[in-house]
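Protein sequences appear in the order of chains L and A. First residue of the first sequence: 1, per our numbering; consecutive thereafter. First residue of the second sequence: 1, per our numbering; consecutive thereafter.
The set of hints was computed from the structure by calculation and includes no laboratory data. In this text, a Cβ means the ideal position worked out from N, Cα and C, and glycines have one as well. Treat the hints with caution; some may be incorrect.
Derived pair list, reagent style BS3-like, types lysine-lysine, alpha-carbon separation capped at 30 angstroms [said to hold, decoys possible]: (1) A:Lys42 <-> L:Lys47; (2) L:Lys36 <-> L:Lys21; (3) L:Lys17 <-> A:Lys118; (4) A:Lys72 <-> A:Lys118.
Label-pair ranges, simulated between beta-carbon atoms [said to hold, decoys possible]: (5) A:Glu22 <-> L:Ser98: 51 to 57 angstroms; (6) A:His45 <-> L:Leu48: 30 to 36 angstroms; (7) A:Asn172 <-> L:Leu67: 51 to 57 angstroms; (8) L:Leu97 <-> A:Arg68: 55 to 61 angstroms; (9) L:Leu107 <-> A:Pro211: 53 to 59 angstroms.
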Amino acid sequence: MPVKLEILRNYLNHDEKMVQKFLQLFCSAIPQDLNKLKQYMHESDFKLASVTAHSIKSQCAYLGLDLARLMAEKLENISQIGHEQNILFESLENILLSEIAEMKMTLNI
Amino acid sequence: MFRILLVDDDPTLSEITREYLEARDLSVLLCNNPANALDLLKRHHSDICLLDVKMPEIDGFTLAEEIRKKDKEIPIVFLTGQTMKEDRIRGLMLGADDYILKPYSMEELYLRVIAIMKRYKNSGTKNNIPNTYQFGKIIFHTGSREIITDNQTIRLTAIENKLLSLLCANLNGTLSRDRALQEIWGDNDIYKGRSMNVYINKLRNILKVEPDIEILNAHGEGYILSYKGSLPE
Chain L
1 MPVKLEILRN YLNHDEKMVQ KFLQLFCSAI PQDLNKLKQY MHESDFKLAS VTAHSIKSQC
61 AYLGLDLARL MAEKLENISQ IGHEQNILFE SLENILLSEI AEMKMTLNI
Chain A
1 MFRILLVDDD PTLSEITREY LEARDLSVLL CNNPANALDL LKRHHSDICL LDVKMPEIDG
61 FTLAEEIRKK DKEIPIVFLT GQTMKEDRIR GLMLGADDYI LKPYSMEELY LRVIAIMKRY
121 KNSGTKNNIP NTYQFGKIIF HTGSREIITD NQTIRLTAIE NKLLSLLCAN LNGTLSRDRA
181 LQEIWGDNDI YKGRSMNVYI NKLRNILKVE PDIEILNAHG EGYILSYKGS LPE
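Please work from the sequences and hints to get the whole structure.
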């Protein structure tokens with residue numbers, strides 16, 4: 001599920017400087033957001049978990065990361081913690097961290 | 001140069017939005033913590049507020065209500081990933097000037113901000129031109145050019161929006177055909193008059209879901225937007 005840079009370029013009016021800046025911010029913010037989401041889920045703080053998942057969802061939308069966006073959207077509506085939610089989080093974390101690793105390598109971020 | 005108060009807890013999107021708008025010569029006061037927004041607004045003059053809806057501690061709607069208590073005129077635009085119709089209606093009924101869905105194009109956001117500021121500058125104050133009308137189950141929002149009904153949101157063209165705004169401004173009175181032509185097209189050419197009939201028919205079709213409102217012909221004069229229901233306070 002590679003990032004779709006053309007989608008990002010369209011949102012940013014093909015400003016390459018802004019595209020680079022977005023990718024840098026994304027690569028540094030998402031791991032932090034994932035950690036926060038994990039913590040809020042662990043604490044059963046559904047309100048903050050929802051806000052954090054919402055933020056991840058919005059950022060994924062700019063990069064055309066549709067599967068990750070849908071997973072984050074599911075976690076945004078979280079109201080209980082169980083096996084399903086933990087699996088969902090792990091999948092989201094795996095997808096996003098491997099995307100970030102690939103982005104860092106191929107886009108030289 | 002306009003100054004924008006941008007309140008969004010998402011550091012990535014808010015930083016990109018700030019940079020983009022500043023590169024277009026707007027001044028942006030960025031606030032990532034909504035709890036500090038009112039204080040910032042008190043200390044620094046702002047011309048317009050861009051508010052994220054889903055934020056921790058204080059959501060954008062509550063923040064807008066607090067801002068409205070202190071400043072009834074400042075334009076407010078919601079930035080949101082929420083697609084629930086109830087949320088959109090709540091935002092518009094709070095007096096929002098626009099409601100922009102995430103992910104948004106930075107250029108579109110910039111252009112919408114400029115359009116709102118131009119409208120304010122031309123009208124003097126916000127209250128000269130209401131931006132939201134509610135007729136029974138129909139909500140018409142001039143800023144976003146949308147009509148929201150029970151089960152759908154209809155986006156109007158610029159001409160349809162202008163025509164319906166003029167009719168609303170003359171609610172239950174006659175909007176003269178010449179005035180409408182002049183305001184929309186800048187002249188009262190006969191061919192444009194025929195086009196106006198097409199736009200009127202399209203608006204009639206959209207409005208027919210609410211039986212209390214209809215566009216009547218005022219023969220030889222123009223049109224009347226007739227509403228038999230009660231208007232919200």
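### Task
Would you list, in rising numerical order, the hints stated earlier that this structure does not obey?
Of the numbered hints given earlier, those the structure breaks are 5, 8, listed in rising order.
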